[in-house]
Amino acid sequence: MRLLGWYQLNSRNCTAAILYPAPVRVSSIRIFPTGAQPFNQSPDIIALTEPEAFFLDVYFNIVSTPPSNSQDSQDKRASKNALAPTRIAYAGGQTEFTVDMGSEYATRLIIFHGEFKSVFIAIYGDSGTSEQPEVATYEPKALPVSTSMPLSSSVDPTNSPSPVLLAEQLLKLLPISPPLHVATRLLFSLKPESEDWDHPEFPNLYSELDVAEDSDLEGLVNSSGRPIRDEISSDSISTFATIMHDSLGSNPIDDAYYVGKLLYNTASQQTRFSRILLQHLDLPQVFNEKTLDETNTILLRDAAANIEIARYFSEDQPFLRSLEELHKSPKTEKPVQKALNKLLTRMRGWRSFEDALINPSGDFAGSAAFLKDIAIGEHSVGCWLECMINHDNLVAKLAATPPRDSGSLPPLLFQERLPEPSHESFIVFVRALMGVLTVLGSLAWADSIGNDQCRERSLAVLLLWQGIDGYREIVNHCLLLRQITRRLGWNKSDDIPRKLGILAERLLVGLAKDPQAMLRDDLINTVLSLEPPFSFISTEELMEIGKLARVARDGLSSAIEELAYTSLRPFSLRRLRVLRISLAIVAEELTYDDGEWRVLENFWLERSQGIMPRLLTILVDISDDLNHHFSLQPPSRMNQTLSELLFRTADDILHLSSHFTATYPLISRDLRTMTAAISDLYACSDAASTRFSHSSVAYLAAQNIRRSCPEILRSLTNRLEAESGTSGPQVVFRVLLDPPISKTVRDPVHHISQVYDLLENILPKVPSDTDAQYWVMEVFPKVLPELKSFCRLLDPETRTTFIERLVTVDNGEIGMGEWLLTEELKELSTALNKLSGLVEDEDYKLVLQYQVSSSIHFCQLLTSSPQTAKWVVSSLSANEDLSQQLDICISLILDTNLCSLPLAKLTRHLGKHANDFGPDVRFNLLLLVLRNAQADPTALDALDSVPGILNSLPSSSISPERLRDEVGRMISAYADHASSMKTDNADMMLQILEWLASQEDSKLTTLVGISTEAFHYLCTTLAATLPIARQAALSSTKGKLSIDEDELFPPSTTELPDALTMPLRSVENLLAPRTLEPPSTPKRGNKTPDILGVVISPPAAILRSPAATGLTKTYQNNDFRQLRQVQSTRLNTSRMPSTHVDVGINGRSDLSFH
1 MRLLGWYQLN SRNCTAAILY PAPVRVSSIR IFPTGAQPFN QSPDIIALTE
51 PEAFFLDVYF NIVSTPPSNS QDSQDKRASK NALAPTRIAY AGGQTEFTVD
101 MGSEYATRLI IFHGEFKSVF IAIYGDSGTS EQPEVATYEP KALPVSTSMP
151 LSSSVDPTNS PSPVLLAEQL LKLLPISPPL HVATRLLFSL KPESEDWDHP
201 EFPNLYSELD VAEDSDLEGL VNSSGRPIRD EISSDSISTF ATIMHDSLGS
251 NPIDDAYYVG KLLYNTASQQ TRFSRILLQH LDLPQVFNEK TLDETNTILL
301 RDAAANIEIA RYFSEDQPFL RSLEELHKSP KTEKPVQKAL NKLLTRMRGW
351 RSFEDALINP SGDFAGSAAF LKDIAIGEHS VGCWLECMIN HDNLVAKLAA
401 TPPRDSGSLP PLLFQERLPE PSHESFIVFV RALMGVLTVL GSLAWADSIG
451 NDQCRERSLA VLLLWQGIDG YREIVNHCLL LRQITRRLGW NKSDDIPRKL
501 GILAERLLVG LAKDPQAMLR DDLINTVLSL EPPFSFISTE ELMEIGKLAR
551 VARDGLSSAI EELAYTSLRP FSLRRLRVLR ISLAIVAEEL TYDDGEWRVL
601 ENFWLERSQG IMPRLLTILV DISDDLNHHF SLQPPSRMNQ TLSELLFRTA
651 DDILHLSSHF TATYPLISRD LRTMTAAISD LYACSDAAST RFSHSSVAYL
701 AAQNIRRSCP EILRSLTNRL EAESGTSGPQ VVFRVLLDPP ISKTVRDPVH
751 HISQVYDLLE NILPKVPSDT DAQYWVMEVF PKVLPELKSF CRLLDPETRT
801 TFIERLVTVD NGEIGMGEWL LTEELKELST ALNKLSGLVE DEDYKLVLQY
851 QVSSSIHFCQ LLTSSPQTAK WVVSSLSANE DLSQQLDICI SLILDTNLCS
901 LPLAKLTRHL GKHANDFGPD VRFNLLLLVL RNAQADPTAL DALDSVPGIL
951 NSLPSSSISP ERLRDEVGRM ISAYADHASS MKTDNADMML QILEWLASQE
1001 DSKLTTLVGI STEAFHYLCT TLAATLPIAR QAALSSTKGK LSIDEDELFP
1051 PSTTELPDAL TMPLRSVENL LAPRTLEPPS TPKRGNKTPD ILGVVISPPA
1101 AILRSPAATG LTKTYQNNDF RQLRQVQSTR LNTSRMPSTH VDVGINGRSD
1151 LSFH
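Following the UniProt record's numbering, the numbering of the sequence shown begins with 1 at its first residue and continues without gaps.
Keep in mind that the hints were calculated from the coordinates and are not lab data. Any given hint could be a false lead.
The following label-pair restraints were derived from C-beta to C-beta distances [unchecked claim]:
#: 1; residue 1: 236; residue 2: 334; range: 51 to 57 Å
#: 2; residue 1: 844; residue 2: 999; range: 40 to 46 Å
#: 3; residue 1: 880; residue 2: 1072; range: 38 to 44 Å
Note that beta-carbon positions come from the ideal geometry of N, C-alpha and C, so glycine has one too.
Between the sequences and the hints, there should be enough to build the whole structure, so can you do that?
Next comes the structure, spelled out in structure tokens:
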């Protein structure tokens, strides 16, 4: 991007234009205010822009610029000239407006129209006709890595010395700056009357509590509507409380209301005010089952936003018991029960919150729920801020954990389904919440008195926070306070754009796209009342948020209609936001007592079916869209906003579905559909973690659904029976074990690894689990084919871990591990059989070798694992089928003469336990151990198991020729490395020679494949290495052995590959279907048959023979056995031979060919 030019445009009839000699691609337009020097190197250039703010309509004369390599003549033709309009709002100062023109279009003419006299504009972009030069040689370059910048401590309450410092600094921008606690108290809790704002002494207007002794409770409530002075005496408060106490008794219901109102008014004032009032009250007498209606209970709940009032309620045991009994009583009305539940929850919340401030193991989730409830109501916010700012105990506890300069952001505690935070992160969250709420207070105060500077700064800070993870959730939640939402609508731009109007519009749009926020009536009314002109909100965005607001306003019926609507694919941003608000409406409806029934009934009336099939259809469509986002051929430009919404919509659907599946079991088809979609979403979430920045909202959305998928699957497998009677775990397990990897557009290897992660999450952990017995007896036996196929898709390491898990869960109940091991050995023997034959295709031969290598590596990992080593040996030796398969595999390995490091390790381990096997297997193991020793004569324990196997073998199981050949090659190999032989190996070698010398068969006492000189050198080395006590045995053994010096040619050894690497073309050839050549018709006139051919054209004499003429008849019963003689005149007639022969097949006369 470069500077295309700067222009001082003067208006003629409100219009100006810029014409370029050649097409250009505009990237941004920058407007400079009057007096600015746009370019440092040209200080003589001074901008002039009048007036200070205006709207500007911009029109681009668009022409298409097709790529230069396009072969289509139609693509090369430029499209007709067209004006592309847009509108920008200039609110003063240096402002840059981004233009997304893309690479397909360019412009030569830019027209500006608006109420301006003069404007200084700089245009940035690139040439529209320049072609990229061809790159002769490729030079690798590092991809740019985006790094997040930490917030400055001046705008980060979590790292500021005081979390309310920023709000206090904003209030200092006002001509008359009130104390922060006064501003928040008057704005949120003790809201002044309209005339009080115009009072000369405002905000220093106080209540003196000087009421007459005969005042009634209503008068006391009116006198407490203003805050009391900080220096008021306790005696004045006590006198006021005594008058209140004396006024009780006339009307218990009215008394309860006015006392609740008094506590409501005092909750945001000095704590001693409410404490003295409570000390003059008998709470159980004032608030009881006769006086506590919904209104009075809500007043007590709001009053309990003050920590002292909540603590007093909790410590008054008779009052607390009466509240709990009333809450549990079936006689209590539902609205009162709900209000009592909120009151008791807030009282418990204060206890949890106060403890969590200093306790590293506190109830942080419960405390976060308490803070979320507090931040919903304005009065509660004012009381809580009063406590957090002025309550000495809370201030000290918060200060006990000072901020660390680590740049950590607040956790997302206002979102559900998140892991438990740490104590430090919880304190960060509390500080952030205090900072956001106090800045909202400064905004509301500045808006109330009409100060633009403080309003603009406050809105700018809030907009900054709305774009930062952690802060965003807090800001959006707190913006839903009734007066704050309305103030955003009031501050939108007027006919002349203002910066604070632009900021307010941006905040409002960001808030309106949050589905939970759009459920609030105040936001719905604010959005629906928006009218142009706008400085930021475009026509498309206004239509989108208007659609969201109308859906939320119409409620459940509109939400179900939107869910039932068949969406165009792929999903658009607008459609996804509509779906999310619809899901949020349904989820909120489910919180009511009859909500579930209303949802199901309305959906049945709309679609004539249940809600779950429709939710699953949407879920499958979303997972399919995400699959294409993370396919092997990624899109040219990744839309992170769209990916984020796809993940969040899928997460909403999953948790809404879990509500219904917990009560109504899914049919098997829907359960299969849901499981397949979950596996796709889980795999896509992992792909997103490698493609998106960890600080992006798309990454966070992917991590949310990554936590949700295993939880939902576990809930589906907890239900043992599906609606069709099929086992729920069986359906889920079978779908996961049989992934459609041939149809997926993503990396199939990555998909298999993610499916394995899901399986690990849903399988029982240990055999003692409640459902483990059910899985072993009812699930595993019914999915054995799928289980076998899935295991073959895993790499050896993962396969080993999976088998370990299955063996642990099975615990020997059904022998599932033994069955899988048998199938593995069968696959290995099949591959070895193919490899031992004639394989002409070298690529296919390499694939077979890798398959053998992978199976051997898997078996070796099983034998080396502490969890399965004993189980493998005992299974291979005790199970007849396994022993037979092992014997076959070893024989084939010997025949093909394969070698690899895993094979050597496996052979060594099995050799140590050779005595556990039968004689035939033991003999083949012996041969394999000997061949293994030939490959590495320097290994210390290569021969340790050989003497034991030799001594344990019966003569009937020994093949003398094969043993003689292997021993001879082994001795020859050790003779070549005799100089490096250790004492242990020398002793093993002598024991082998002693066994050979003791045999009666001359084939075993005759060594082959080694010369006399080499054997003599070996014996000399053995004599020098062995102890003196063994010298005589060596001499005796040497004399009993003879040497056959005939050369023994060893078979060629094949080294198995550790990894499979081949050109892509070879892979395509291997996967291409084999086509058979169509048979060719012999050329006419060629009468020469091949060796196996038949006579094609018999002589005419044969055709006229009686035997041949009888073949054209129709026979009855067994008459065909007697050929009838016919006249030769009946030959060569035009009658076609019969094709109907009633002949029985294999003695059955009821089968006939037609």
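Status of each hint after checking the structure:
no. : hint                   : in the structure
1   : 236 x 334: 51 to 57 Å  : 42 Å, violated
2   : 844 x 999: 40 to 46 Å  : 44 Å, holds
3   : 880 x 1072: 38 to 44 Å : 42 Å, holds
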